[in-house]
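Those protein sequence lines, which keep their order, are chains X and B. According to our numbering, the residues represented by the first sequence are 1 to 258, in order. According to our numbering, the residues represented by the second sequence are 259 to 503, in order.
Heads up, a few of these hints could be off.
[Said to hold, decoys possible] Only pairs whose alpha carbons sit at most 25 Å apart, straight line, appear in this in silico SDA-like list of lysine to any residue:
no. : chain 1 : residue 1 : chain 2 : residue 2
1   : B       : K354      : X       : I39
2   : B       : K366      : X       : F193
3   : X       : K8        : B       : I309
4   : X       : K135      : B       : K440
5   : B       : K440      : B       : D488
6   : X       : K136      : B       : E390
7   : X       : K9        : B       : R375
8   : X       : K27       : B       : L326
9   : X       : K136      : B       : R336
10  : X       : K9        : B       : K440
11  : B       : K366      : B       : T299
12  : B       : K315      : B       : D349
[Stated by the list, open to error] Partial list, derived from the structure: chain B residues whose beta carbon lies under 10 Å from chain X:
no. : residue
13  : R336
14  : L367
15  : P368
16  : I372
17  : V456
Keep in mind that the hints were calculated from the coordinates and are not lab data. Heads up, the beta-carbon is just placed ideally off N, CA and C, and yes, glycines get one too.
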Amino acid sequence: MSMGNQIKKTLADLQDFYLLSINCILKLFKRPFYFDDIIEQMEYSGSASVFIVSLVCLFVGMALSLQLSAELSGLGLKMYTGKIVGIAVIREIGPLVTALVFIGRVGAGQTAEIGSMILGNQIDTLRVYGIDPIKKIVIPRVIASVLMLPCLTIIGDLVCLIGGYYIAVFMSNQSGSFYWSSIIEDLTFQNVFSGTIKPFIFGYLISCISCFYGLTTRGGAKGLRTSTTKAVVTSIVTVIATDFILTRILFYALGFNV
Amino acid sequence: MIVFDNVWFSYREREVLKGVSFTANFDERLAVLGESGVGKTTILKLILGLINPDKGKIIIDGTDITQLNEEEIIPIRRKFSIVFQEGALFDSLPVKENVAFFMRELLKLPDEEIYRRVRELLRRVGVEDAEELMPEELSGGMHRRVAIARALAVGKTKMFLYDEPTAGLDPVNSERIMVLIKDLADKENIGFMIITHVIYVAWQLCNRFIFLKEGQIIFDGNKDELIKTDISAVKDFIKELFFRI
Numbered sequence: 001m002s003m004g005n006q007i008k009k010t011l012a013d014l015q016d017f018y019l020l021s022i023n024c025i026l027k028l029f030k031r032p033f034y035f036d037d038i039i040e041q042m043e044y045s046g047s048a049s050v051f052i053v054s055l056v057c058l059f060v061g062m063a064l065s066l067q068l069s070a071e072l073s074g075l076g077l078k079m080y081t082g083k084i085v086g087i088a089v090i091r092e093i094g095p096l097v098t099a100l101v102f103i104g105r106v107g108a109g110q111t112a113e114i115g116s117m118i119l120g121n122q123i124d125t126l127r128v129y130g131i132d133p134i135k136k137i138v139i140p141r142v143i144a145s146v147l148m149l150p151c152l153t154i155i156g157d158l159v160c161l162i163g164g165y166y167i168a169v170f171m172s173n174q175s176g177s178f179y180w181s182s183i184i185e186d187l188t189f190q191n192v193f194s195g196t197i198k199p200f201i202f203g204y205l206i207s208c209i210s211c212f213y214g215l216t217t218r219g220g221a222k223g224l225r226t227s228t229t230k231a232v233v234t235s236i237v238t239v240i241a242t243d244f245i246l247t248r249i250l251f252y253a254l255g256f257n258v
Numbered sequence: 259m260i261v262f263d264n265v266w267f268s269y270r271e272r273e274v275l276k277g278v279s280f281t282a283n284f285d286e287r288l289a290v291l292g293e294s295g296v297g298k299t300t301i302l303k304l305i306l307g308l309i310n311p312d313k314g315k316i317i318i319d320g321t322d323i324t325q326l327n328e329e330e331i332i333p334i335r336r337k338f339s340i341v342f343q344e345g346a347l348f349d350s351l352p353v354k355e356n357v358a359f360f361m362r363e364l365l366k367l368p369d370e371e372i373y374r375r376v377r378e379l380l381r382r383v384g385v386e387d388a389e390e391l392m393p394e395e396l397s398g399g400m401h402r403r404v405a406i407a408r409a410l411a412v413g414k415t416k417m418f419l420y421d422e423p424t425a426g427l428d429p430v431n432s433e434r435i436m437v438l439i440k441d442l443a444d445k446e447n448i449g450f451m452i453i454t455h456v457i458y459v460a461w462q463l464c465n466r467f468i469f470l471k472e473g474q475i476i477f478d479g480n481k482d483e484l485i486k487t488d489i490s491a492v493k494d495f496i497k498e499l500f501f502r503i
């Protein structure tokens with residue numbers, strides 16, 4: 001494909017993605033409402049993801065605490081491990097790591113499922129009988145992602161902090177009560193708000209991107225592989241870029257000093 | 259009535275249909291034939307308004323559907339019952355829920371009535387024992403039968419559309435599906451359009467044949483005209499028929 005055509009295709013894709021994202025919001029309050037589908041998707045993307053999110057966050061928390069303990073003890077500041085782990089996890093690492101796990105488990109699954117429905121003419125079957133695939137298939141997934149990712153992030157944060165506690169107390173010989181009290185000290189409105197607003201936006205973006213690539217799947221098994229890969233890569237880049245932009249905006253809005 | 263008036267369609271840079279024109283009545287038994295990739299399924303998707311042509315008009319019952327949006331086209335689509343290639347069953351639902359799906363979504367019937375109708379439809383297509391099975395547990399023939407039951411579930415329509423109804427089936431199951439298609443058309447007294455590359459299936463079921471080659475209609479006629487045609491591409495295609503009939 002020539003450069004010109006590639007640019008044209010990218011712009012057309014961006015336009016389609018924009019339309020899908022807007023449509024999700026516009027159709028959200030229009031009948032019919034598919035509550036059963038929303039509950040089913042919440043179960044799949046939420047409760048079924050708790051174990052994998054917890055496992056990843058546990059190791060991330062332990063690794064972070066280990067790195068910080070080692071560096072801070074050289075400076076004689078080992079007692080600040082809890083404080084720094086707390087701020088890093090609540091504001092940044094918890095939401096980001098949970099979102100990345102969510103992309104791999106839920107986002108990729110959404111693309112593969114919808115892509116396979118496209119290839120098997122199931123989406124066309126819905127359209128033939130007048131059922132809007134955006135309302136029946138996309139919106140329940142987007143709502144479930146927007147609601148479940150923040151819940152998973154809170155669980156992920158907690159497990160991350162527990163992982164950090166284990167290393168700080170049992171390997172770095174720090175005081176457990178001091179570790180927790182320095183974290184509780186950091187549970188200010190600014191820190192908690194900055195960490196909990198992000199997952200709502202990440203959930204919306206991940207689900208819209210995944211559903212978009214699912215709906216644009218063409219060309220059999222190879223096409224499905226391509227769209228799933230694209231969905232995962234695009235979601236990762238978008239989430240990380242959005243994280244930076246949101247952090248910058250939140251720093252400004254909440255009055256953090258840089 | 260279905261009218262295709264100089265319809266052009268392309269997938270990106272590949273032109274699939276180049277000025278296709280034909281007219282068909284809802285009570286006809288029509289076959290659209292041609293090699294794989296000539297645009298047979300594209301015609302079916304255009305009739306249902308699932309894709310829009312680049313040029314030309316598609317008129318269904320007097321309405322140019324190329325001018326309609328997704329909501330306006332729903333009443334047009336409801337004039338047809340469609341059985342997609344390989345059935346297009348929802349693979350996360352068991353057979354009975356697949357058949358019940360549109361009754362629940364569109365007709366809003368109580369569960370008791372839905373399941374009574376589901377059992378009746380499955381008995382009618384000969385897969386009454388499969389209601390608890392998942393689609394992946396069905397054979398190819400059963401898949402098509404369940405898809406036909408699902409298409410029947412939403413009530414009487416004006417025309418059945420079948421996309422490669424016997425593709426991938428063994429001769430015994432192909433024969434069973436052909437008998438079922440004919441039986442349904444006779445009992446419901448409605449016509450059908452079959453998209454197929456198997457001339458024998460078309461010959462057994464239909465009385466009008468449209469041949470596509472390189473995006474254009476090269477033949478449109480009845481059984482007599484088909485047998486007597488001089489068009490070499492069509493003659494090559496129907497050679498198999500002379501061995502079987």
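Hint by hint, here is what the structure shows:
Only pairs whose Cα atoms come within 25 Å are accepted, and B/K354 paired with X/I39 is accepted, the gap being roughly 22 Å. Between B/K366 and X/F193, the direct Cα distance comes to roughly 43 Å. Violation of the 25 Å bound is thereby established for this hinted pair. The hinted pair formed by X/K8 and B/I309 meets the criterion: a straight-line CA distance of about 20 Å does not exceed 25 Å. Of the pairs offered as hints, the one joining X/K135 and B/K440 is violated, with about 36 Å between alpha carbons and a cut-off of 25 Å exceeded.
For the given pair, B/K440 sits about 29 Å from B/D488 by alpha-carbon distance, which is inconsistent with the 25 Å threshold. Taking the CA atoms of X/K136 and B/E390, the gap is near 24 Å; set against the 25 Å cutoff, the hint holds. The hinted pair formed by X/K9 and B/R375 fails the criterion: a straight-line CA distance of about 47 Å is larger than 25 Å. Distance hint between X/K27 and B/L326 is fulfilled; the C-alpha atoms sit about 19 Å from each other, no more than 25 Å.
Taken as a hint, the X/K136 and B/R336 pair is honoured in the structure, with Cα atoms around 18 Å apart against an allowance of 25 Å. For the suggested pair X/K9 and B/K440, the alpha carbons sit about 45 Å apart, so the restraint of at most 25 Å is broken. A threshold of 25 Å between alpha carbons decides the hint, and for B/K366 with B/T299 the separation of about 31 Å lies outside it, so the pair is violated. Between B/K315 and B/D349 the alpha-carbon distance is near 35 Å, which puts this suggested pair outside the 25 Å criterion.
Satisfaction of the interface hint for B/R336 is found here, the shortest Cβ-Cβ separation to chain X being roughly 7 Å, below the 10 Å cut-off. Violation of the interface hint for B/L367 is found here, the shortest Cβ-Cβ separation to chain X being roughly 15 Å, above the 10 Å cut-off. Below 10 Å, beta-carbon pairs count as interface contacts, and B/P368 has none with chain X, the closest being about 16 Å; its hint is therefore violated. Hint status for B/I372 relative to chain X: violated, with the closest Cβ pair at about 15 Å, above 10 Å.
Interface restraint check for B/V456: the shortest CB-CB distance to chain X comes to about 19 Å, outside 10 Å, so the restraint is violated.
Consistency with the previously given hints fails for numbers 2, 4, 5, 7, 10, 11, 12, 14, 15, 16, 17, ordered from lowest to highest.
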